[in-house]
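Participant: Protein chains in written order, with this note's numbering: chain P, 7 to 509; chain F, 5 to 524.
In short, the hints are calculated from the structure, not lab data.
Here the structure is a predicted model, which is why all the values come from computation and not from measurement.
Ideal placement from N, C-alpha and C gives every residue a C-beta, glycine not left out.
Certain hints may be false.
Cβ-Cβ distance ranges computed for the label pairs, FRET-style [said to hold, decoys possible]: (1) F:Ile374 - P:Glu390: 49 to 59 Å; (2) P:His187 - F:Pro254: 30 to 40 Å; (3) P:Gly215 - F:Arg273: 52 to 62 Å; (4) F:Thr397 - P:Gly275: 47 to 57 Å.
Only pairs whose alpha carbons sit at most 30 Å apart, straight line, appear in this in silico DSS-like list of lysine-lysine [said to hold, decoys possible]: (5) P:Lys102 - F:Lys278; (6) P:Lys341 - P:Lys378; (7) F:Lys428 - F:Lys278; (8) P:Lys378 - P:Lys337; (9) P:Lys102 - F:Lys428; (10) F:Lys424 - F:Lys370.
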Amino acid sequence: MKAKLMDFDKALELFEPVLGFEVHVELGTSTKMFSAAPNPAHPEFHGAEPNTLIDPLSLGLPGSLPVTNETAVRYSISLGLALGCQIATSCRFARKNYFYPDTPKNYQISQYDEPIAFEGAVEIELASGRQVTVPIERAHMEEDAGKLTHVGGSTGRIQGAEYSLVDYNRAGVPLVEIVTHMIFGAEHDAPELARAYVGAIRDIVLSLGISEARMERGNLRCDANVSLRPRGSQQLGTRTETKNVNSMRSVERAVRYEIQRQAAILADGGTITQETRHWHEDTGETSPGRPKSDADDYRYFPEPDLLPVEPSRELVEELRAALPEQPVARKRRLKAEWGFSDLEFQDVVNGDMLHVVEATVAAGAAPQSARKWWTGEIARVANERGVEAASLVEPAHVAELQRLIDERTLSDRLARQALEGVMAGEGSPAEVAEARGLKVVTDESALVAAVDEALAAQPDVLAKIRDGKVQAAGAVIGAVMKAMRGQADAARVREIVLERAAG
Amino acid sequence: MEQAATDLTRLAGHELAARIASGDVSSVEATQAHLDRIAAVDGELHAFLHVNDGALEQARAIDERRARGEQLHELAGSPVAIKDVLCTIGMPSTSGSRILEGWVPPYDATVVARLKAAGLVALGKTNMDEFAMGSSTEHSAYGPTRNPWDPERIPGGSGGGSAAAVAAFEAPFAVGSDTGGSIRQPAAVTGTVGVKPTYGGVSRYGAIALASSLDQVGPVTRTVLDSALIHDVIGGHDPHDSTSLDREWPSFTAAAREGAASGSLAGLRVGVVKELDSEGIAPDVQARFQETVQVLTDAGAEVVEVSCPSFEYSVAAYYLILPAEASSNLARFDSVRFGLRVEQQGQTVEDVMAASREAGFGPEVKRRIILGTYALSAGYYDAYYGSAQKVRTLIQRDFDAAFEQVDLLISPAAPTTAFKLGEKINDPLAMYVNDITTIPANLAGIPGMGLPMGLGDDGMPVGLQLLAPMFEDERLYRAGATIEALLAERWGGILTSRAPALRDAASGGSSGTSTNGAAA
Chain P
7 MKAKLMDFDK
17 ALELFEPVLG
27 FEVHVELGTS
37 TKMFSAAPNP
47 AHPEFHGAEP
57 NTLIDPLSLG
67 LPGSLPVTNE
77 TAVRYSISLG
87 LALGCQIATS
97 CRFARKNYFY
107 PDTPKNYQIS
117 QYDEPIAFEG
127 AVEIELASGR
137 QVTVPIERAH
147 MEEDAGKLTH
157 VGGSTGRIQG
167 AEYSLVDYNR
177 AGVPLVEIVT
187 HMIFGAEHDA
197 PELARAYVGA
207 IRDIVLSLGI
217 SEARMERGNL
227 RCDANVSLRP
237 RGSQQLGTRT
247 ETKNVNSMRS
257 VERAVRYEIQ
267 RQAAILADGG
277 TITQETRHWH
287 EDTGETSPGR
297 PKSDADDYRY
307 FPEPDLLPVE
317 PSRELVEELR
327 AALPEQPVAR
337 KRRLKAEWGF
347 SDLEFQDVVN
357 GDMLHVVEAT
367 VAAGAAPQSA
377 RKWWTGEIAR
387 VANERGVEAA
397 SLVEPAHVAE
407 LQRLIDERTL
417 SDRLARQALE
427 GVMAGEGSPA
437 EVAEARGLKV
447 VTDESALVAA
457 VDEALAAQPD
467 VLAKIRDGKV
477 QAAGAVIGAV
487 MKAMRGQADA
497 ARVREIVLER
507 AAG
Chain F
5 MEQAATDLTR
15 LAGHELAARI
25 ASGDVSSVEA
35 TQAHLDRIAA
45 VDGELHAFLH
55 VNDGALEQAR
65 AIDERRARGE
75 QLHELAGSPV
85 AIKDVLCTIG
95 MPSTSGSRIL
105 EGWVPPYDAT
115 VVARLKAAGL
125 VALGKTNMDE
135 FAMGSSTEHS
145 AYGPTRNPWD
155 PERIPGGSGG
165 GSAAAVAAFE
175 APFAVGSDTG
185 GSIRQPAAVT
195 GTVGVKPTYG
205 GVSRYGAIAL
215 ASSLDQVGPV
225 TRTVLDSALI
235 HDVIGGHDPH
245 DSTSLDREWP
255 SFTAAAREGA
265 ASGSLAGLRV
275 GVVKELDSEG
285 IAPDVQARFQ
295 ETVQVLTDAG
305 AEVVEVSCPS
315 FEYSVAAYYL
325 ILPAEASSNL
335 ARFDSVRFGL
345 RVEQQGQTVE
355 DVMAASREAG
365 FGPEVKRRII
375 LGTYALSAGY
385 YDAYYGSAQK
395 VRTLIQRDFD
405 AAFEQVDLLI
415 SPAAPTTAFK
425 LGEKINDPLA
435 MYVNDITTIP
445 ANLAGIPGMG
455 LPMGLGDDGM
465 PVGLQLLAPM
475 FEDERLYRAG
485 ATIEALLAER
495 WGGILTSRAP
505 ALRDAASGGS
515 SGTSTNGAAA
């Protein structure tokens, strides 16, 4: 049953949205949070077969014990500092107890009342130029759960499934959960703010080099809390927590959807159920998950198998000194370095392509070329498929593509074909070009022969060209390009056509 | 009742090890002798849940290495019994529970790996109360172990299997685990020696957790020196256990040898804990304790009374902290990845988890999981778990204050001699109170030793407990070995040499009569 939605502007007229976010960041350490098992969030272990990145602790075997990953602690402190947080002088891990088959010990080692980082703020800038400060409550360390695949049902959910498979590779992946305070005053910008906030976290994480931050891979996951209160009311409304929002675009859409959905219910005199909701990328809707009440009892207690984490002040200061620049400052710098116009730069920022353009430039492409690829062809395909541009192709491959053009190995058109192959997973641009036989024909005699043949086939065109109607050459150029299966440099073909026609 | 001098099982562990090291006896012979003894008496005692069918092969490998002239550890080739709480490659590790029946771990506990590395030969896995919850070994899912001094009585718990195995000469060495007295109390009631090391002194990696902040693995033997030898092998820092102490430990073996040789306790200040020397201690235990105090005084020790007022709350605090941690530690037994699974077609995973836990856990385990779950629940946490942690701090302060006055504390290791099987099984509270003397050491993390101090009116062993400050395990071995030597001198041998003979299933021999009366 489709939920009733209120027009967005109308909803904002009647209600004030209050937001809150929980963002989970998978840290890309080489080993897991509490054991020496390989970490699937580390680039080297992507795509491992299920249940191959495991050890006794990942399976919760009797007698196994956790040992804190010091690199993960350093990453967490860096992240906390980059979020403007204070860093605890001593903090403990706690057990969060609940039974679920993806949780091998049936408790998650997390932090409860003693997070590693607390009370910070993230500055973000919206398209309008509006600056917003998002208050951070805390960032704490924890371990990820395994991954369940429900087989046999139509929905891929546990309800109706015949059986479920568990992959414990992800069990124990180091996570930092960043929790905001309630965000007031977002108003009409609420959906964009949500997207910009997640984008800011992603930028921070990438600049720190602590995670690949690929949302489609689950490196970065956002739970969005939304509640509405009637205009003029001081009392907070009941919130929902939308999970499973796996792209920046979805974050924006999900927040907008929840505002519209809740407004429709409240305007009808209904009440909002406090619950987790699942975002569905395909339908653009949220659906109810399990009811979540404050009475959920995880029976937290300090993890007795681990010592408190007590980062020295020297370490904290060392990490603080090594922090990269803040995202807002970074944007200003990149715009200047790349020499983009306001419009060009805004295009990149709005498309969440700052980091991919930066990576492409770092891989050797000229800034303008990098921008054109990402905001042009790649953005077009991403839009068409409804996915993130960054998920389609590696920046290094885009740089390689451009290099092939610059070397005149590929024409623009051939490069687009090569890109298509790269996006289809056929390999690097050079590999795709090789496999598909994409190559600009540089053999002059072959070109000349093709031109002569085309001119002979179209004597009327030849006559027009000789009459000085140079634009008529297009028909011949088209024929030559077709004959060469597109693998010729159109500009050179044009030169030859004019030469031969004159001759 | 004294066996032939050639019976290798009657030798103290260090004597046997010395004979193996000298080449006088092979590891195969020593191992075979103990396997024979197990075959003869364990039908009655049930100290073992599993006998290692690879033991002789391992013994042979050690003999071959020795024959090749390899330098081996002084205990290489000696047999050892391993409490079933420890994970062992190739041998089932059930922690006495039905839920882990037949589970063979893919890894060795650090303690087991260290025993193996030193060349000790595992005889098998010893019986225990399920998940180490109990003081009698009657809560084992596989049936109780019996006390070699009187098979009608309990061998203590939870490590009754290891204690009975060494008391019955089925093994010269054993290892156990002590969460609230599970090494020291069985030692007391079987006339053997057991040590709970300083918390963090021995790795817990691969020890199936009962209560993580209390559990500690330690030696179980017939003599103080034998415990020291094992402690030196299994102790020391382990990077796999975050709570393992990264520090240099002195040689406990050297301390025990020096202590045994000195014969004097001159200059040693010893405190008797008033609160552990009062009501609840049986008169015969009290009498043996007073005699032992006299022995200490005669040997030059200065014995004074100290007060630890918070000990009165220790049992209550312990029975909140232990179940709380246990309820969480035992959550992993859900049938999803290992262990017993009880399922029917069409059931959800929650149904299967619940049914498996219902069938796989015994009543004592369920009782404690429920207690612990309750103690950690929102709204009760502060009153129960929180308060218990405060008591824990108070107990630590009591010990700190006491150890400012004295070097060692002493008390009876258990309030009574071994009770009869079935006597307390339906009275959990009576069973819990039995641990009153041993629990404070676990709450404070300090080391403690149980060793024999004579026989009660019923002819059953009575144990002495020594307690030392954190990190001072060495004091236990030094003083313990002196006390052991002084008592052995009075008795004409260590206490276990006076244990009655057991019915030998192989020879059909009769059960010996008890050597009644107090040691004197």
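Participant: Against each hint, give a clear statement of whether it holds in the structure.
Facilitator: Tested hints:
no.: 1; hint: F:Ile374 - P:Glu390: 49 to 59 Å; result: holds (57 Å)
no.: 2; hint: P:His187 - F:Pro254: 30 to 40 Å; result: violated (53 Å)
no.: 3; hint: P:Gly215 - F:Arg273: 52 to 62 Å; result: holds (59 Å)
no.: 4; hint: F:Thr397 - P:Gly275: 47 to 57 Å; result: holds (54 Å)
no.: 5; hint: P:Lys102 - F:Lys278; result: violated (40 Å)
no.: 6; hint: P:Lys341 - P:Lys378; result: holds (15 Å)
no.: 7; hint: F:Lys428 - F:Lys278; result: holds (26 Å)
no.: 8; hint: P:Lys378 - P:Lys337; result: holds (18 Å)
no.: 9; hint: P:Lys102 - F:Lys428; result: violated (35 Å)
no.: 10; hint: F:Lys424 - F:Lys370; result: holds (24 Å)
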